[in-house]
Amino acid sequence: MTTNRITVVLSQTRSKNPGKRRLEEEIATALLLEPGIEFAVTPNVYDLSPGDTGLLYLNSVKGHLILLSWQYPRAAHWLLDRNGISGKQGVTMLKSLGEEDDEESGGANEEEHRGIGPVEILDRYIFCLDLRAYDDAGVYVEEIKRIAKEVSVKLVPLAGLRIDSDQSDSKPDLLQRFSAPEKKGAGPIVLGESMVNRWYPVIDYSRCTNCLECIDFCLFGVYGIDHKERILVENQDNCKRGCPACSRVCPENAIIFPEHKTPAIAGAPGEGPGGLKIDLSKLFGAPSAIELAAMERDVELVKDGRAAVGLSVGIPRRQTGKAATEKDDLDKLMDELDSLDL
Amino acid sequence: MSDHFIFLMGKYEARVPKDRLYAPNHMWFRAEGGAYRVGFTAFAVRLLQDVYFLDWTVESGDVVAAKQEIGEVESSKAVSTLHAPFDGTLLRFNRELMKDPTAINVDNYGAGWLFDFDPKNALLLTAEDYILRLEGTWDETQRQIKGQMND
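In the order they appear, the protein sequences are chains V and E.
If you read the first sequence in the working numbering, its first letter stands for residue 1, the second for the next number, and so on.
If you read the second sequence in the working numbering, its first letter stands for residue 1, the second for the next number, and so on.
If you're looking for bench data, these hints aren't it; they were derived computationally from the structure.
Incorrect hints may have been included.
Simulated restraints, written as ranges between beta carbons of each label pair [as the list claims (entries may be wrong)]:
| id | chain 1 | residue 1 | chain 2 | residue 2 | range |
| --- | --- | --- | --- | --- | --- |
| 1 | V | Glu252 | E | Pro17 | 41 to 47 Å |
| 2 | V | Thr209 | E | Gly10 | 57 to 63 Å |
| 3 | E | Gly110 | V | Ile290 | 50 to 56 Å |
Mimicking DSS-like on lysine-lysine, the simulated pairs with C-alpha atoms at most 30 Å apart in a straight line are [claimed, not checked]:
| id | chain 1 | residue 1 | chain 2 | residue 2 |
| --- | --- | --- | --- | --- |
| 4 | V | Lys261 | E | Lys11 |
| 5 | V | Lys277 | E | Lys11 |
| 6 | V | Lys282 | E | Lys99 |
Even for Gly, the Cβ is constructed at its ideal location relative to N, Cα and C.
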């Protein structure tokens, strides 16, 4: 095995959508034949249980890694991190689902987030590509080749890494199956097994400030504290399927539910629901984020046979410093009013 | 004696008819046979501008809670989820609107009605009180909208 190989893992879609399956097959076919690329397939990484073969394989990869998945890159990155698959966020030229052309992709737009950061990360890059963004397998294959070339040029940082073949705790037989080209037409072997579609939060530690509001709010014991007194998603399977309430309560939008239908909750880039249209929901009677979180939590409590608690338990007392800054701009706003199409 | 009040939104004159009641979320309530017919006020329609999509996520006959999401609306300039103004029962929807929501822009107080509703604990405002409320919150509303456009 050469030290310049980059590992590419394709995390499969949960869905039976033939278009998605076809995209995966086309990418796999192209990459299996590509020299310098070590290629593997797993079921949806989000659904893998701790100790699963797919996760063990990912953990054994110590060099640069590209993950192709059906999630936002931010969700994929922190999901991997939670499973001990850590690294620096590689910047890709590709967009994620719904991203506009003028937005930056990858880790570059993390701005001034003052999160507690990951615990410790391997000195290598992880590139997360969103398979929902393009229909054309060629786009992904070209980007992978571009990244592979880019990282192979930077031999100096790589030199300090222990690469796959040096890992004494890797699974040599699995790696063997993957370094040898597969029999034509059979497709790659899928590493790992997903029995059920799981549902649990993923913490983005680049945003998380360890305020611990989430552990106060969740009444189902999903969150815990690790030995370094950092917040942790401890009991993933305590999480009530479909419930995103805690993500609304987090002041830093650091909680991600990768499979939620709302982009902001699923880890989309940016700070929140953006867009070119005005959102009138608050004016038209929508609950605030906290009220909505409490309503969703009550639904889950009642389903569990417990009593609804409304806003009486575990609700963050948030400072609303926003009002102060806007007062300074008020005169400017009033002057600008007539120029608005109101 | 006029049958409506006017609320000025910049230069636009939003009509507030005196023949019905109002909810804080900018919907009008007109008593009809034991329940209420509900629609958007001129204030709401002025902010939405041309409505081109309307969708309900609950069914006729459903019992809903205050602030529960019941649907969504999208227009040329805005999007919004729609929420039950009070606890109550959603009796029926205006089916004509589902085919063509432009009646909301053309006749929001008449043919553009949204749904019939039987509220449990409704705190409805008279036209005068609704105007007072509009006046009291207009600055904040503009700030919110302008704030969004700056993001």
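Evaluated hints:
| no. | hint | verdict |
| --- | --- | --- |
| 1 | V:Glu252 x E:Pro17: 41 to 47 Å | holds (46 Å) |
| 2 | V:Thr209 x E:Gly10: 57 to 63 Å | violated (41 Å) |
| 3 | E:Gly110 x V:Ile290: 50 to 56 Å | violated (38 Å) |
| 4 | V:Lys261 x E:Lys11 | violated (39 Å) |
| 5 | V:Lys277 x E:Lys11 | holds (22 Å) |
| 6 | V:Lys282 x E:Lys99 | holds (26 Å) |
Going down the numbered hints, you'll see the structure goes against 2, 3 and 4, while the others check out.
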